[in-house]
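Work the whole structure out from these sequences, hints included.
Residue numbers 1 to 328, in this note's numbering, belong to the letters of the sequence shown in order.
Please note that a few of the clues may not be correct.
[As the list claims (entries may be wrong)] 20 Å max Cα-Cα, derived EDC-like pairs, lysine to aspartate or glutamate:
{"id": "1", "residue 1": "LYS140", "residue 2": "ASP316"}
{"id": "2", "residue 1": "LYS2", "residue 2": "ASP68"}
{"id": "3", "residue 1": "LYS2", "residue 2": "GLU64"}
{"id": "4", "residue 1": "LYS148", "residue 2": "GLU132"}
{"id": "5", "residue 1": "LYS140", "residue 2": "ASP115"}
{"id": "6", "residue 1": "LYS2", "residue 2": "GLU27"}
{"id": "7", "residue 1": "LYS148", "residue 2": "ASP191"}
{"id": "8", "residue 1": "LYS82", "residue 2": "ASP230"}
{"id": "9", "residue 1": "LYS266", "residue 2": "ASP230"}
{"id": "10", "residue 1": "LYS82", "residue 2": "GLU105"}
{"id": "11", "residue 1": "LYS148", "residue 2": "GLU100"}
{"id": "12", "residue 1": "LYS82", "residue 2": "GLU54"}
{"id": "13", "residue 1": "LYS306", "residue 2": "GLU27"}
{"id": "14", "residue 1": "LYS140", "residue 2": "GLU170"}
{"id": "15", "residue 1": "LYS2", "residue 2": "ASP129"}
{"id": "16", "residue 1": "LYS2", "residue 2": "GLU71"}
{"id": "17", "residue 1": "LYS140", "residue 2": "GLU166"}
{"id": "18", "residue 1": "LYS140", "residue 2": "ASP129"}
{"id": "19", "residue 1": "LYS148", "residue 2": "ASP242"}
{"id": "20", "residue 1": "LYS148", "residue 2": "GLU37"}
{"id": "21", "residue 1": "LYS148", "residue 2": "GLU170"}
{"id": "22", "residue 1": "LYS82", "residue 2": "GLU61"}
{"id": "23", "residue 1": "LYS2", "residue 2": "GLU37"}
[Said to hold, decoys possible] Simulated DEER-style distance windows between Cβ atoms:
{"id": "24", "residue 1": "HIS219", "residue 2": "TYR39", "range": "23 to 33 Å"}
{"id": "25", "residue 1": "GLY53", "residue 2": "PRO235", "range": "18 to 28 Å"}
{"id": "26", "residue 1": "ASP75", "residue 2": "GLN169", "range": "42 to 52 Å"}
{"id": "27", "residue 1": "ASP191", "residue 2": "ARG324", "range": "42 to 52 Å"}
In case anyone wonders, no lab produced these hints; they're calculated from the structure. All residues carry an ideal CB built from backbone N, CA and C; glycine is no exception.
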Amino acid sequence: MKRSLEVAIETFPIAGKFTISRGSRTEAVVVTATIREGYGTGRGECVPYRRYGESVEGVVETIETARDLIESGGDRTALLDKLPAGAARNALDCALWDLEAKLSEVPAHVSAGIDRLPPITTAYTISLDTPEAMHAAAAKASSRPILKIKLGAPDGDIERIRAVREAAQEAVLLADANEGWPAEDVQRYIDACADAGFSLVEQPLHADADEALRDVERHVPLCADESAHDRTSLPRLVGLYDLVNIKLDKTGGLTEALAMAEAAQKRGFGIFVGCMLGSSLAMAPAMLLTPQARFVDLDGPLLLAKDRDNAMHYHDGLVHPPERALWG
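Here is the structure:
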């Protein structure tokens, strides 16, 4: 049966504004790949990320370079050889997983060797803002079990750390500096997180400068995000970080993400499952990583004003596996 590939750019408004150390956004722009074969339709969503030199147009162009491979029946292994890790390969890889599930009528998680995919607790993100505004946002979300706190504006981060803990005294708190702390002060910020009872500090230094973490006293576990992409990035991270944040847009899809999780655990890393700011279609395949994870941050749809049809179900801090009508 002949395959066809469709590529679309879609926009999802954000509820309010999403701010990290690198700037603010009011909408999430994603690229969706749809592969049709016979009675089956598979979809995958990716989020082009400027931090990694990606643009929406560039990702679409990269996907088009694999059109012949996809439409001629190429599989996920062939795709790994064709395209580098990144958003474009992610959309196609996840679409192939979905298509295989639809054609075989075997759920994707079963094909991945997972007997049961239960709901899992996800973090909820508090955007970077003034200490007062973040105190208010954390207080409003304080009933959620895990809060991920965006930091990385050194002027005021100590106050932000204390303000959020004061507002959410029972929540597990995760700090994400998004490469925003200066190396000369990183120990002070990590110590402040430890003093406030944070459970994790994510990417405190720029990926090009994180060798300085070898000299840091870790009173709280450190997690690599911008420094961790796929399996090839793991050897350098040993001794610098305790966990790695695995995101499908960085690994270039679920296939590499599952392999990276296995390789990371063999090297002694804990697994953090993260996401870019996208719809439920982007979160769905990442759910297959969650049984191995110490922390999960798949809250992208919670930050949108409107999600896709057949959206992921979120309730009481839990994210539930996707309906097959959505993915897998």
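A quick look at each hint next to the structure:
no. : hint                         : verdict
1   : LYS140 to ASP316             : 14 Å, holds
2   : LYS2 to ASP68                : 12 Å, holds
3   : LYS2 to GLU64                : 17 Å, holds
4   : LYS148 to GLU132             : 17 Å, holds
5   : LYS140 to ASP115             : 37 Å, violated
6   : LYS2 to GLU27                : 36 Å, violated
7   : LYS148 to ASP191             : 17 Å, holds
8   : LYS82 to ASP230              : 16 Å, holds
9   : LYS266 to ASP230             : 14 Å, holds
10  : LYS82 to GLU105              : 27 Å, violated
11  : LYS148 to GLU100             : 34 Å, violated
12  : LYS82 to GLU54               : 18 Å, holds
13  : LYS306 to GLU27              : 11 Å, holds
14  : LYS140 to GLU170             : 13 Å, holds
15  : LYS2 to ASP129               : 51 Å, violated
16  : LYS2 to GLU71                : 7 Å, holds
17  : LYS140 to GLU166             : 12 Å, holds
18  : LYS140 to ASP129             : 15 Å, holds
19  : LYS148 to ASP242             : 17 Å, holds
20  : LYS148 to GLU37              : 40 Å, violated
21  : LYS148 to GLU170             : 14 Å, holds
22  : LYS82 to GLU61               : 14 Å, holds
23  : LYS2 to GLU37                : 6 Å, holds
24  : HIS219 to TYR39: 23 to 33 Å  : 56 Å, violated
25  : GLY53 to PRO235: 18 to 28 Å  : 23 Å, holds
26  : ASP75 to GLN169: 42 to 52 Å  : 50 Å, holds
27  : ASP191 to ARG324: 42 to 52 Å : 47 Å, holds
Hint check: violations occur at hints 5, 6, 10, 11, 15, 20, 24; the rest are consistent with the structure.
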